[in-house]
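Undergrad: Chains A and B supply the protein sequences, listed in that same order. Numbering that gives the first Met the number 0 applies: residue 0 is where the first sequence begins, and numbers increase by one. Numbering that gives the first Met the number 0 applies: residue 0 is where the second sequence begins, and numbers increase by one.
Keep in mind that the hints were calculated from the coordinates and are not lab data. Remember, it's a predicted structure, so these values are computed and weren't measured experimentally. In this text, a Cβ means the ideal position worked out from N, Cα and C, and glycines have one as well. Heads up, some of the hints might be wrong.
Interface residues of chain A toward chain B, partial, derived using beta-carbon atoms under 7 Å [stated by the list, open to error]:
{"no.": "1", "residue": "Gln-77"}
{"no.": "2", "residue": "Ile-107"}
{"no.": "3", "residue": "Tyr-306"}
{"no.": "4", "residue": "Ala-337"}
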Amino acid sequence: MDVKNCTLQELLKEFAYRAHEPADAANAWKAKTGGKVIGIAGLDVPEPLIHAAGMLPVVLLDRDEAVTLANAHVEMHQCGYIRSLVDQAMKGELQYCDELLFHDCCHIVRMLGDAMHTFCDKIKKVQFIYLPPLLEYETAQKYAMKEMRKLRKRLEAIAGNPITDEALAASIKVYNTQKKLLIELYDIRRAYPGILKAVDVSNVVAAGMCMPKEDHIELLKRLIELLEPEKAKPVSTAIPVVVHGSLCERCDDYVLNDIEATGGVIVDDDLYVGSRYFNTLYDETIAPMDAIHKAYIKRVSPCPTRYEERNPGDYLADMVKNANAKGIIMVVVKFCEAHDYFYFTAHRRFQDLKIPEMLVETEHDSAPEGQLKTRLQGFFESMEV
Amino acid sequence: MASTVNRIKTTTKISPMLDEYYASMAHFDCVAWCMGPSGYELMNGAGVSCFQAESSSARIAGGQAATPFIEYGQARGVSPDMCSYAKINLGLVLAELDERWDMIDERYRLNPPDLVVAGNICPSMMQWAHVLGQIYHVPVFILDYPFCYDSDLDVLRDNAKYIREQLENLKEFLLKCSGQKEFRGETLMNQMAACREMDFYQQNIGEMLRTVPAPASFIDNAFSMTPAISMKNEKAANFYKEFMEEMIERVKTGTSSISNERYRIMWRGNFPWFKIGFLSRLLAKYDALLVSGCYGTHIHQDSPANRLIPPDGFDLKDPIWGMACFGLGGGYVSNYEDKWKSEFVSQIENFSIDAVIIQAPHTCRPWTLTSRELCQRVEDTYGIPCIVLEADHTDPAYFNDAQVETRIKALLETVDARREEKARKAAAETDEFDF
Numbered sequence: 000m001d002v003k004n005c006t007l008q009e010l011l012k013e014f015a016y017r018a019h020e021p022a023d024a025a026n027a028w029k030a031k032t033g034g035k036v037i038g039i040a041g042l043d044v045p046e047p048l049i050h051a052a053g054m055l056p057v058v059l060l061d062r063d064e065a066v067t068l069a070n071a072h073v074e075m076h077q078c079g080y081i082r083s084l085v086d087q088a089m090k091g092e093l094q095y096c097d098e099l100l101f102h103d104c105c106h107i108v109r110m111l112g113d114a115m116h117t118f119c120d121k122i123k124k125v126q127f128i129y130l131p132p133l134l135e136y137e138t139a140q141k142y143a144m145k146e147m148r149k150l151r152k153r154l155e156a157i158a159g160n161p162i163t164d165e166a167l168a169a170s171i172k173v174y175n176t177q178k179k180l181l182i183e184l185y186d187i188r189r190a191y192p193g194i195l196k197a198v199d200v201s202n203v204v205a206a207g208m209c210m211p212k213e214d215h216i217e218l219l220k221r222l223i224e225l226l227e228p229e230k231a232k233p234v235s236t237a238i239p240v241v242v243h244g245s246l247c248e249r250c251d252d253y254v255l256n257d258i259e260a261t262g263g264v265i266v267d268d269d270l271y272v273g274s275r276y277f278n279t280l281y282d283e284t285i286a287p288m289d290a291i292h293k294a295y296i297k298r299v300s301p302c303p304t305r306y307e308e309r310n311p312g313d314y315l316a317d318m319v320k321n322a323n324a325k326g327i328i329m330v331v332v333k334f335c336e337a338h339d340y341f342y343f344t345a346h347r348r349f350q351d352l353k354i355p356e357m358l359v360e361t362e363h364d365s366a367p368e369g370q371l372k373t374r375l376q377g378f379f380e381s382m383e384v
Numbered sequence: 000m001a002s003t004v005n006r007i008k009t010t011t012k013i014s015p016m017l018d019e020y021y022a023s024m025a026h027f028d029c030v031a032w033c034m035g036p037s038g039y040e041l042m043n044g045a046g047v048s049c050f051q052a053e054s055s056s057a058r059i060a061g062g063q064a065a066t067p068f069i070e071y072g073q074a075r076g077v078s079p080d081m082c083s084y085a086k087i088n089l090g091l092v093l094a095e096l097d098e099r100w101d102m103i104d105e106r107y108r109l110n111p112p113d114l115v116v117a118g119n120i121c122p123s124m125m126q127w128a129h130v131l132g133q134i135y136h137v138p139v140f141i142l143d144y145p146f147c148y149d150s151d152l153d154v155l156r157d158n159a160k161y162i163r164e165q166l167e168n169l170k171e172f173l174l175k176c177s178g179q180k181e182f183r184g185e186t187l188m189n190q191m192a193a194c195r196e197m198d199f200y201q202q203n204i205g206e207m208l209r210t211v212p213a214p215a216s217f218i219d220n221a222f223s224m225t226p227a228i229s230m231k232n233e234k235a236a237n238f239y240k241e242f243m244e245e246m247i248e249r250v251k252t253g254t255s256s257i258s259n260e261r262y263r264i265m266w267r268g269n270f271p272w273f274k275i276g277f278l279s280r281l282l283a284k285y286d287a288l289l290v291s292g293c294y295g296t297h298i299h300q301d302s303p304a305n306r307l308i309p310p311d312g313f314d315l316k317d318p319i320w321g322m323a324c325f326g327l328g329g330g331y332v333s334n335y336e337d338k339w340k341s342e343f344v345s346q347i348e349n350f351s352i353d354a355v356i357i358q359a360p361h362t363c364r365p366w367t368l369t370s371r372e373l374c375q376r377v378e379d380t381y382g383i384p385c386i387v388l389e390a391d392h393t394d395p396a397y398f399n400d401a402q403v404e405t406r407i408k409a410l411l412e413t414v415d416a417r418r419e420e421k422a423r424k425a426a427a428e429t430d431e432f433d434f
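With these hints in hand, go ahead and build the complete structure from the sequences.
TA: In structure tokens, the structure reads:
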């Protein structure tokens, strides 16, 4: 696409395409560079290490299509992300990945990585990285660093290239450039409610998780440029809300659309395919391995699969306040057990702080839109009162 | 005619023994609520008593009292998809905070925690502890058991060192919480000695289940795991000794667990604690007996600790190192091949197994994932039938008596059909050479 001359609509269409067809970009990149593609699952895989090895990291997201083949192997009471990932693997849709790298982001992913190749001959080797969840414990922090160093060696072996500190520092710079542009985009979204639909924002971030970072950066720069004249238009008068959740997958488009079709406008988010992906910058003033390590243990968003003393409700309450939002919508993926506990704690805090909050549970193969719309209408009406 | 169940008599001592134990804990000023493997052996020496939350929930479920607490919690934000041990506990906590004494039996009342300790072995423990820490405003300590995706001995040793460091930190944390000045090493040594003794008896008890017909049921065995988990003292060791002696006597006299043992079953997974008696009677009705399994006792088999501290994983000179090495098995969700070897191969090959039942607990997803692959692998490797039974450890909503009976009946009929087929083939081979 001609990035320099495209319109906003054309650019948003390009983001949507990149977000939904990651294999195309990955295969094109492979053909151009001859490099390897690493499919990654888990929130905390240190991507710059892969990038610095001259390989392309692609975050494996769930697909919209119904789960079929995986049903023979994965129970219906496993989360939609797990079921979709297995389904994609069984249908051969992950063939573009030369290797898979799973981070122990939850015990199910831990199990899955090892078991998947037993019933799916289309899966190539699965690598692991175990990052202890105890972010504030020194012993665990040391262990995490050791694992990251081990991973660096393994990635060097896969790529056939050494990962120099210089290359890693350069990769970190690329990642930070992307993150800063996304942060700028979110600043614009907070300042001009409704300037972009939530689904478009989701596509912008998802594309950045799948495609080469350098290409994504070019698209982002153009997007921010194209939003300049949009700022002069009247902002949305709908009720501003924050959306949190969908912690390993894309928040379903219908949920985002329904929120914005029933009286709300999303002014900020704490979604995996959202601010959680980019809100922790790498510290460029310290050694690159230390920067990667620091980004893990000093993450901005609390994660239910990690352990920190803070109450996640406080973090989200601050987000609501900073975005001038009137309430929060919590999207919990059915059967994400860690998130259930996180929700329970946050919910009690919202009650204490009197922050209007609504829970939306999502399931991969089900989209009860009618019910959701009615509930959302009720939620927004109650906030108007 | 259906078999009758001849339960190990020693097991009737568990309840009074536990009551006595919990009463003896009352003199501690500092109570730790624990979930998962939480370094229990360190607690008493640091002046802390331990309340094991899963055991408490299992006890409530066993007393057929789980549902009101589950419902109470669910009406107040507890998700139905959480581990049912946690659902019962949180429901009970919320009911107590709301002073709903009308719905809480005296036996189940809680002594609020002064601290919470959890072992990170599943998606629940760590977050459950966090929730309790937030509710009661008490400090929380998490023990992390690393995922041993590489079973190389050096890697295991490094992982054990990591656990050891955490246990040392836990010791300090406990002392800080209790206000006790010095750790009582002798208490720890005594507890570890008791653990070693218990381990020896439990191993022997497990081994004797190989006898055909079996002198006890694996249900007797699993039902008796609480003293080993919660008490870890001389009284608990004596209990297992008595259990073992009863087994030896039974082997000597040819006394069997059920009157007509025709099917020997392996059970994989935890148990629906609220249906343990039902299962025992149901199986006996069809002359079937559970003789092996990997819950409650699996930590003693093929443990990585045995590789690091031969022969049995105990190091009484350096008890914390021994605890750390045992901790390597704490992450029960280990890799797939290890799981197959330790939980299936050794059980099926050593216990004359006719069929396998895999329990897939609805609210314990790590146990459930790969059940179907393991089931198929049992059939392919050993030619014995296997079923996956969808149930739960403590939530009665996920158990259907009639369906369970039908499935178990079908399983046993499959065993019969395969036996007949085998006999027919053997007869045909004989005919070929019958000149």
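Undergrad: Now, for every hint given, state plainly whether the structure supports it.
TA: Here is what the structure says about each hint:
For Gln-77 (chain A), the interface hint holds, the least distance from its beta-carbon to any beta-carbon of chain B being 6 Å, beneath 7 Å. Restraint check, Ile-107 (chain A) versus chain B: the minimum CB separation of about 6 Å is within 7 Å; hint holds. Here the hint on Tyr-306 (chain A) is kept, as its CB sits about 5 Å from the closest CB of chain B, short of 7 Å. For Ala-337 (chain A), the shortest C-beta to C-beta distance to chain B is roughly 5 Å, which falls under 7 Å, so the interface hint holds.
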